[in-house]
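K.L.:
Protein sequence lines correspond, in order, to chains A and B. The numbering of the first sequence is our numbering, which starts it at 220 and goes up by one. The numbering of the second sequence is our numbering, which starts it at 121 and goes up by one.
Just so you know, the hints here were simulated from the structure itself, not pulled from any lab data. Note that beta-carbon positions come from the ideal geometry of N, C-alpha and C, so glycine has one too. There could be a bad hint or two in this list.
Unchecked claim - Taking lysine-lysine pairs in the DSSO-like style, the calculated list, with each CA pair at most 30 Å apart, reads:
{"id": "1", "chain 1": "B", "residue 1": "Lys327", "chain 2": "A", "residue 2": "Lys355"}
{"id": "2", "chain 1": "B", "residue 1": "Lys327", "chain 2": "B", "residue 2": "Lys356"}
{"id": "3", "chain 1": "B", "residue 1": "Lys199", "chain 2": "A", "residue 2": "Lys258"}
{"id": "4", "chain 1": "B", "residue 1": "Lys327", "chain 2": "B", "residue 2": "Lys194"}
{"id": "5", "chain 1": "A", "residue 1": "Lys251", "chain 2": "B", "residue 2": "Lys342"}
{"id": "6", "chain 1": "A", "residue 1": "Lys247", "chain 2": "B", "residue 2": "Lys342"}
{"id": "7", "chain 1": "B", "residue 1": "Lys185", "chain 2": "B", "residue 2": "Lys163"}
{"id": "8", "chain 1": "B", "residue 1": "Lys344", "chain 2": "B", "residue 2": "Lys331"}
Said to hold, decoys possible - Pair by pair, the computed Cβ-Cβ distance ranges are:
{"id": "9", "chain 1": "A", "residue 1": "Leu373", "chain 2": "B", "residue 2": "Phe198", "range": "26 to 32 Å"}
{"id": "10", "chain 1": "A", "residue 1": "Ala323", "chain 2": "B", "residue 2": "Lys190", "range": "44 to 50 Å"}
{"id": "11", "chain 1": "B", "residue 1": "Phe146", "chain 2": "A", "residue 2": "Phe239", "range": "50 to 56 Å"}
{"id": "12", "chain 1": "B", "residue 1": "Ile335", "chain 2": "A", "residue 2": "Phe239", "range": "16 to 22 Å"}
{"id": "13", "chain 1": "A", "residue 1": "Phe297", "chain 2": "B", "residue 2": "Lys340", "range": "56 to 62 Å"}
{"id": "14", "chain 1": "B", "residue 1": "Lys199", "chain 2": "A", "residue 2": "Thr354", "range": "29 to 35 Å"}
{"id": "15", "chain 1": "A", "residue 1": "Ala232", "chain 2": "B", "residue 2": "Tyr160", "range": "23 to 29 Å"}
{"id": "16", "chain 1": "B", "residue 1": "Leu152", "chain 2": "A", "residue 2": "Thr354", "range": "31 to 37 Å"}
{"id": "17", "chain 1": "B", "residue 1": "Lys199", "chain 2": "A", "residue 2": "Gly248", "range": "27 to 33 Å"}
{"id": "18", "chain 1": "B", "residue 1": "Lys282", "chain 2": "A", "residue 2": "Asp322", "range": "38 to 44 Å"}
{"id": "19", "chain 1": "B", "residue 1": "Ile141", "chain 2": "A", "residue 2": "Phe237", "range": "48 to 54 Å"}
{"id": "20", "chain 1": "A", "residue 1": "Ile378", "chain 2": "B", "residue 2": "Gly316", "range": "44 to 50 Å"}
{"id": "21", "chain 1": "A", "residue 1": "Ser245", "chain 2": "B", "residue 2": "Lys163", "range": "27 to 33 Å"}
{"id": "22", "chain 1": "B", "residue 1": "Lys340", "chain 2": "A", "residue 2": "Ser262", "range": "27 to 33 Å"}
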Amino acid sequence: MDLFTIIIWIVTAIFLIFSFKKDKKSTKGAAKKALKMGKGMASGLIVTILLIGLILAYLPPDKIAQFVAEKNLMLSTFAAAIFGTITIIPAFVAFPLVGTLVDASISIVPAVAFLTTLTMVGIVTFPIERKAFGTKFALTRNVLSFVFAIIISLIMGVIL
Amino acid sequence: MKILTKLKENKFLAFVILSYIATFIFKSDVGLLGLSNSIYYFKELLSIMPVVLVLTALFDLWMPKDTIVKNLGKNSGFKGTVFSFMLGSLSAGPIYAAFPIGVMLLKKGASIRNVVIILSSWAVIKVPMLVNEVKFLGPQFMVVRWILTVLSVIILASIAAKIVRDEDIVLEEEVQQKGVSINESACMGCSMCSRGYPELFEFEKKKAHVKVMDISKVDKQKLKKAINECPTHAIKYLEV
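Sequences and hints are given; from them, build the entire structure.
P.N.:
Encoded structure:
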């Protein structure tokens, strides 16, 4: 667990204690609600995580990075962005990966596209997002994130 | 209907399990890698999800609606943007850990634009990750990417707010049906209501529905319990 996660746990614990002191009944209700929310999301999340694990076993991101690095710039940027959309992986896993892609590639453009779609756009996690916010919201957010991932990467290629 | 939704959910599960079995038969090392990947991500989720859910419920309990509207609502302006970035970028865990918070904030009057900012910065602009990014990609890379991403997220969120209207997420609460109604966009299909009061609530396409029922026969106690227990406050009751 990283420092920030630990801090969030501590802050939440303090918050919970204060809340409990102020209003026992409502806090119990809130705790129950949290538990129920968790139960409601659990089955979907477990299946999604199992699928993410399997996809990453078949398509290890470092292999993708190597594959993408060998193509020409526009093609590799697009390919990197597309591979990044398949699933969402946490940022702290993504950074070292993208580091290897930068080292292997002729340009940082595909690496940035990969990083952005990897963390922001997820086809596998789409059902969970749709369930939470509705189809239109989830679709709009994912599509726009994909477009801006390409824009960010191209601008970075010009600047750096 | 309940069986149908169960089956539909299990279809996904069945598909994943079958994929694993097939993988284990033909490429057992890939299957093992898949499982160990999953365990890794599962641990990661467990390290953040419980605390996010508790925080969401506590915020829901103590944060007055006015405060949310004022600081994250449609007219929160620049301040709202800054708050959203702070909320999102001080986070831990993958973007889907932020979904319950986003839903709760939307319910309480945060604007779509600001919720998109929170989700996006939760994904990709992470203060805890800055050190990592510098370590693997260099300070110049980090600074330029950070600035570009913040700008992009602001534009992206504004466009998203133009495309997605409030009605797409929150049904107009003012124009409410008399009797029991369910805000379908808010319902996240946790099935709390149908478990607590199966005579009144049923499930169709992962959303709760109110069964046609004589309103005078509704058990007000059970209904009240269902309304209070619904994690997204999707159940509404207007006295007939």
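K.L.:
If a hint holds in the structure, say so; if it does not, say that too.
P.N.:
Hint check:
| no. | hint | in the structure |
| --- | --- | --- |
| 1 | Lys327/B / Lys355/A | holds, 16 Å |
| 2 | Lys327/B / Lys356/B | holds, 15 Å |
| 3 | Lys199/B / Lys258/A | violated, 35 Å |
| 4 | Lys327/B / Lys194/B | holds, 28 Å |
| 5 | Lys251/A / Lys342/B | holds, 17 Å |
| 6 | Lys247/A / Lys342/B | holds, 19 Å |
| 7 | Lys185/B / Lys163/B | violated, 34 Å |
| 8 | Lys344/B / Lys331/B | holds, 16 Å |
| 9 | Leu373/A / Phe198/B: 26 to 32 Å | holds, 28 Å |
| 10 | Ala323/A / Lys190/B: 44 to 50 Å | holds, 49 Å |
| 11 | Phe146/B / Phe239/A: 50 to 56 Å | holds, 53 Å |
| 12 | Ile335/B / Phe239/A: 16 to 22 Å | violated, 38 Å |
| 13 | Phe297/A / Lys340/B: 56 to 62 Å | holds, 58 Å |
| 14 | Lys199/B / Thr354/A: 29 to 35 Å | holds, 31 Å |
| 15 | Ala232/A / Tyr160/B: 23 to 29 Å | holds, 25 Å |
| 16 | Leu152/B / Thr354/A: 31 to 37 Å | holds, 36 Å |
| 17 | Lys199/B / Gly248/A: 27 to 33 Å | holds, 31 Å |
| 18 | Lys282/B / Asp322/A: 38 to 44 Å | holds, 40 Å |
| 19 | Ile141/B / Phe237/A: 48 to 54 Å | holds, 49 Å |
| 20 | Ile378/A / Gly316/B: 44 to 50 Å | violated, 56 Å |
| 21 | Ser245/A / Lys163/B: 27 to 33 Å | holds, 32 Å |
| 22 | Lys340/B / Ser262/A: 27 to 33 Å | holds, 31 Å |
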